[in-house]
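Student: This is what each chain is made of:
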Amino acid sequence: MIAAMMASSYNAKEEDGHHSGSSSHGGAGAVKSKKPDNTAFKQQRLPAWQPILTAGTVLPAFFVIGLIFIPIGIGLYVTSNNIKEFEVDYTGVDINSPCYSCAKNFSWNSTQSCVCSVNFTLEQPFESNVFMYYGLSNFYQNHRRYVKSRDDSQLNGDLSALMNPSKECEPYRTNDGLPIAPCGAIANSLFNDTLDLYYVDSNSTKTPIPLAKKGIAWWTDKHVKFRNPSGNTNLTVTFQGTTKPVNWRKPVYELDPSEADNNGFINEDFIVWMRTAALPTFRKLYRIIQKKSGTTPTLPSGRYILDITYNYPVLSFDGRKRMILSTISWMGGKNPFLGIAYITVGSICFFLGVVLLIIHHKYDTRNNSADIPN
Amino acid sequence: ITRGHQNKLFLTLQNRTRIPPCVYIGHKEPPPGAEAYIPQRYPDNRIVSSKYTFWNFIPKNLFEQFRRIANFYFLVIFLVQLIIDTPTSPVTSGLPLFFVITVTAIKQGYEDWLRHKADCSINECPVDVVQQGKVVRTQSHKLRVGDVVMVREDETFPCDLILLSSSRHDGTCYVTTASLDGESSHKTYYAVPDTMAFRTEQEVDSLHATIECEQPQPDLYKFVGRINIYKDKEEPVARPLGAENLLLRGATLKNTQHIYGTVAVYTGMETKMALNYQSKSQKRSAVEKSMNAFLIVYLCILISKAVINTVLKYAWQCPNISFTYSLYCTFLDTFSLLQVIRAFTDFLAFMVLFNYIIPVSMYVTVEMQKFLGSYFITWDEEMFDEELGEGAQVNTSDLNEELGQVEYVFTDKTGTLTENNMEFIECCVDGNVYIPHSSGAEETDESCEHEDLFFRALCLCHTVQVKEEETVDGIKRGIHQGRPTSFYISSSPDEVALVEGMKRLGYTYLRLKDNHMEILNKDDEIERFELLHVLNFDSVRRRMSVIVKSSSGEYLLFCKGADSSIFPRVVSGKVEQVKARVEQNAVEGLRTLCVAYKRLSTSEYEEACHHLTEAKLALQDREQRLAQAYDIIERDFVLLGATAVEDRLQEKAADTIESLHKAGMKVWVLTGDKMETAAATCYASKLFRRSTQILELTKKRTEEQSLHDVLFELNRTVLRQPHGHTRTEQDSNFDCLDFGLIIDGATLSAVLKPNQEGAAHGNYREIFLEICRNCSAVLCCRMAPLQKAQIVKLIKASKEHPITLAIGDGANDVSMILEAHVGIGIMGKEGRQAARNSDYAIPKFKHLKKMLLVHGHYYYIRIAELVQYFFYKNVCFIFPQFLYQFFCGFSQQPLYDTAYLTLYNISFTSLPILLYSLVEQHVTIETLKREPSLYRDIAKNSLLRWPVFLYWTCLGVFDAVIFFFGAYFLFDNTTFTSNGQMFGNWTFGTLVFTVLVFTVTLKLALDTHHWTWINHFVIWGSLLFYVIFSLLWGGIIWPFLNYQRMYYVFMQMLSSGPAWLSIILLITVSLLPDVIKKVLCRAMCPTATERAQVGFALKWRLYKAAFFTPK
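As given, the protein sequences belong to chains F and E, one line each in that order. In terms of UniProt numbering, the first sequence opens at residue 1 and continues consecutively. In terms of UniProt numbering, the second sequence opens at residue 1 and continues consecutively.
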C-alpha cells in the first residue's frame, strides 16, 4: 500500500560512473595507489528506486484506501450491531437495589455469605454461545504496585518459590510466619462473588442455566504458565506449610469443590483474575453458556434471575460490579469503535482523494510544465 | 667572523636574567672557571603519547566519559533506578549505558593500546650513540640530553639534534620533514662551522663544548641557541645556532651518508614534534548546537510530564482512594516517610519512566553516522587527484553536516584558486622586455651593464638547490644539459620558475659548491661567486637578498621582492618604465617581482656583516633584531628590472566559484598578493563579472579621502540598490545587481582598529560589515596571515552568525583555517601544513564544489532527519506511556514490557535510521551538481529550525495519541477475541508497541527517497526482526526471569482479527497527516529541491517512454 502511494521511478545508474582513462597513468613500478575503489556503494551510486510523494501518485492510493476501508468498516459495524449484549449492575448502591443490604453489611470477618437476587428480562433471544462476564469499575488492576505483586515462579509450580515467595509479593508474602500461596496483592484480591443464572419460564419455574467454567482462561496459561507444585495429586499435602491469602475464605486447593483438577494454581477463575486488566473499568470472563443442540436459542427471551453470593466489597473505593451476558462474533464482543473508525478513515481518505484531485489539476500541471526546461 | 665579536657577544648574553638551558656535549664538564656546572634535569627521550596506563585506565576513562553531560544524565537515571523503587528495572537504562560506556572505553582503550605500542616501538628503536670514541647502539628512550648521536641515511632523527658534522664535505645535510609538516622537498641543514671538519667518532668525542638554547617551543621553524666550544683551556668560542642547525625529531636524513649530531636540549616530550601534537580546539557544528537546544526542550518536557503526573497523582488519590491503593496505605505508612519525600520519590520514578524520551542511542547513532559517513568523502573517486595520488581526507568527522551550511567561503588565491605552478613569462630590464622562446630576447647590441647584472641577480638571489639524482621525490624539474638530469628544488615555486626562466634566457645556475655559486653564462663560461650572506625571504619584508663576492673581488648585494617593498628603497634606475611594465603585468594577472642591486664597498660589507652576526647571535628577540639588521642593509638600491611569472588558474576554478555563488555563498578571496594581480585572478575566476560594480576600499583611496568618508560613501552606494527585493528573486536578478569589494590589508587594519575618536563617528566595523553583506564577492589583498584569521573572525561574529569556510594551501592560511567553522586544506605545493591543520583536505580547489554541494548537502539532510526522527520516534514511544498514567492511577505503571522498553531504541528502530542517515539521497548527485541553487534550500539550518522541530514533535504527539486511544477504544470494556477470553494490560501495551514500531519505521520509509537494496533489507528486516523477537520472547517460559508476563501475549494478540484490523487502521491514520502535509507542500509551494525531484522523475519517465514504447 505504501509502495503504491509513491511515484516510482527506477533509477538504475551504471556502476561505473566516471572511469577516467588516466588511472593506469601512474603505474611505473609497484606504487601503492591510494585511489579509492570504484564500487557502486563507495561512490554512492547503488541502483535505487526513487519514489516521490506527489498529489498525482498519492491520489489513487487514497481512493483505494477509501474503497477498501469503507466496506470493511460497514462490515465491522454491522457485525458489532448484531452482537447482543446485556449488562446488569448489581453493586447495590441504590437503596432499592436487591444487593443493597449485602453491600452495606459487608465485613471481611463474617463467615455467613450474603446472597441477593437480581431479576432481569432479556428482550431478544441470545443465539449461539453466550459468554458471561463480571465487570468491575474504578478498580485499578493496572496499578504498578498491584501489577508486580505476584510471583510467577510460584504460580508455575516452583517448590522453592512456594515456600519462599518473591519479595515483590510484599506485604502479602507471608502471614503468621507462613508463606502465602498464592502470594501477592493480585491473588489476595481475587474476585469471589458467585453468580448463578436461572431462567424463569411462563409458569414461574426457575430453571438453572448450566454455566461452563472450562475454557475461560487462555489455554497456554492453564497448561504452561500456571502449574501446581509437583503434580496435581493431593494438593492438600502439596500446599502444606503455606497459608491462604489474607482475604480468602478457602485455601487455594479448595477453590473448586466440584471439580478436582480445577484447583490450586490452575483454577481457571484464578487464572483469569491473575491476568491484570489494562484499564480501570474492565470485564473478565466468568462462565460460558454453551449453545444447546437444536434450534432453541441459548438464552431465550424472557425473565431471568441472577443469584449473587455477595463476597466482594467495592463500595470502599467507589467501584461498581456488573454481570454481562454477551454473544461473540469473529471480531469479539460488541464494539462499534472499529467499524466507525474504519468508515471514518475510509471516508476521509476518499474525501482527501477528491481534494487532491483538484489540487493536482490546479497546481501540478502548472509546475510540471514549468519544471522541465528542455 | 673574528674572535673579538664573539667575546663581546658572549658578555652581553651573560647579562641576561634568564639562564637558558645549557647542554654539555658528551656529558663533559667544561673547563673549570668558565661557568659553574649546574646539573640540570631533562626529561629522557621517552615519547609518551598514550593517555592511560594499565592502572588508571578504568577510573580515568570513566571519569572522562561521565564528564559528557549526556552520559552523566543517564548515569543519574540509572542510579535513581537503583536506589528507589521505580517502575522499570535498572537494567533498562543500565544496559544501554553500560553498552555505550563499554564500547567507548574499548575503543579508547584500543586506541591507547595502539599508542602504547607506537610509543614502545619508537622508544625502543635502536640509536647509535658515540661514547668514548666508539659507536654504541642503544635504545632511543635511553638517550640523554648531551649524547652525541650518529644518524645514517634514511634514518629518522630520534630527537632534536644540533648538526655537528656531516659526511658531506661542505658540512650540509639534506632532510625531509614530510612527517612533520608534510613538505617532501629536501631541506638543507648546516653543521656548526667549527665542528664540520670532524670525520671520525674519536674526533667528535674529543669535542668539548656547551650549548645554550631557549626553552622548548613548538614553532618548527624557529630555534635560537649558541654553542660554546672549548679548545685547550682557552676562552670558549661561541657560535650562533639557528633553525638551520637544528635537526628535528621525526625528520629523515636524505642523500647524506651519515651525520654526527648532538642531542640538543629537546628530548622526549620536549621535542618540537611532541610539542606540536597538541590537539586543536574542538569545533562544534550548528546541527550539534540545535540538537542540544532540542535536548533542553525535551528535558523540560520530561520534567514537566513528571511534575504533572506527580501533582495529579496526589490530587487524584485524596478524593478517590482506590481499593488497590488502600491495600498499600498501611504498607506505605509503615515507612513513616514525609509526604514531601514520597512525592519527590514519585517524581523521580516518573522521570525514570519517561527518561527514554532522551535516548542514549541518539548519541551513539549520531557518532556512528558521522564516523561512518565521513568515509564517503575519502572514498569519493571524483575527489581523487591522479597527479597527486591522493583523495580527499577527513581529519574530523564532527563537521560533515556543516559542509552543507556554508554561507561564506574564504579562499586563498595562490595555490588554491591558482595552480601554484609557476611559469616564467617575461622579464624586463630597464623597460626592455625579454621573453624566452620567442626567438630569444631582442638582442640589444650594447649589452648594457644592467642586463648582465639583472640575469646574474636572478641566478644568484635565490635559495634553489640543484639535485643531480634522478630519484628525488621532491618537485621534479628536469633540465637536460648533456649531464645527467638535474632538478631545481626549492620551497618556493616562484624561484624555480625564475631560475628556469633564466636558463632559457641563457644563464644557467649550476650549483653551490664550497660556498661558491656557479653560473654558466651565455657564452658557456663558468662564473663563480662567493656566497657570503643570504637574507632570507619572509612574508613581512616580502623580499630577499644575497650578498656575493664576484671573482673580481667586488661585493654585490642582489635583492628581489615585491614591487611595494622594492620601490621605496630604490634610489636610481629606470623606475618609471619598470613600474609601468609591472603594473601592466599585474593587470594581466601575472606575479611580478622587482630586482635591484647595490654595490658594497669593503667597509660597507664589514658593517653589514657586523649587523647580521650580531643579530644572529642574539638569544632573544632574534627575529626582531634580524629584521632591523635587514632593514639597515637593504636600502639605497639601484633598480634593475622586473620579472613576470604566471600562475595559472586551477582547473575548473571559475566553474567552482560560479557554482558557489549560485548556491548562495559569498566568496571572499584573501591574498597576500597585490591588488592588480589579485583582481585579475578574480576576474579570470569569475568572482567578479564584467557587470560587477567594483567598490574599492584601498590605501590609495583612503589617502585621498578620510576612511570615514569613504566608508559612508560606499555604504550609501550599496544601500541605494533595493537589495531587499533582489534577495528574494535571486535567480532572475542574479546578474544585474552585483557589487564586488576590494580592500587591502592596511585599510582593513584601519577599519578594524578600535575607534579612538569616540562613538561620534560610529563604528566602522559595522559599516564595513554592512557593505560586505551586500557584496557578492570581496577581495582582500595584501593580507598578512593573521589578518586573514581576523576577517574570518569578524564575519563569524557578525550578527547573523553565518557559517564560514576557509580554504587554503599554505602555512599562511593555517590561522584562518583554524578560525573558520570549517577549515579546508588543499594538499598543495607549499607543504602540508594547511592540510594537516584543516578539518578536511582536498587535492584541488575544484573538489570544493562536490564537497559542499553534494557531500555537504547530503550530510546535512541526513543528519537533520536523523535528529528530528530520533526525537519524533521517542515522543511516539513515551507519550502513550504518559497518557497511560491517567488510566492507571498515576502509579508509574509502564505500558510496555521491559524488553520492549530496552530494545526499542537499540534494535527495533535504530538500524533503519542509521542506514538512512548514511545512504539517503533525496536528489541525485548529478542534479545537485547541476543545480547549485538547491543548496539554498538547506541554508541557515533550515531543516532544524524551531517550526520544523515543532512539526515533528506535534506529529509525534499526534501519533502517540492515535496509538494510545486507538488501543484504548478497542480494549474499552469489551473483548476482541472470538472465544470470549479477555486480554490484559500487557496485550494492551504490546498492541500499542506493535503499531508504534510499524508506524515509526514506515514513517522513515515514507521519508526515504533513495531505496537501495540495503534500505529494503534494513527496513523490512527490522520489522521482521521485531515480529520474530516478539514471537520468541513470548513463546518460551524464560527460566532466568522472575516474571512471565509476556508469555504468549504477542501470539494471542495476533490470533485475533480485530487486532490486525486495528493495527492496520492505526498505522494508516498515524501516517496520514504526514503524507498529506508532504503532498500539499509539494503541490502548493514546492521548494527547489522538490521541483528538482519531480523534474527528475518526469524526465526519467519521458526517457523511458521514448525508449521503451514501440514506435
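Each hint should be verified, as a subset may be incorrect.
When the alpha-carbon atoms are kept at most 27 angstroms apart in a straight line, the in silico DSS-like pairs for lysine-lysine are as follows [claimed, not checked]:
no.: 1; chain 1: F; residue 1: Lys-34; chain 2: E; residue 2: Lys-1077
no.: 2; chain 1: F; residue 1: Lys-42; chain 2: E; residue 2: Lys-117
no.: 3; chain 1: F; residue 1: Lys-362; chain 2: E; residue 2: Lys-1077
no.: 4; chain 1: F; residue 1: Lys-34; chain 2: E; residue 2: Lys-652
Note that these hints are calculated values from the structure, not bench results.
Student: Quick check: which numbered hints come out false for this structure?
Tutor: 1 and 2
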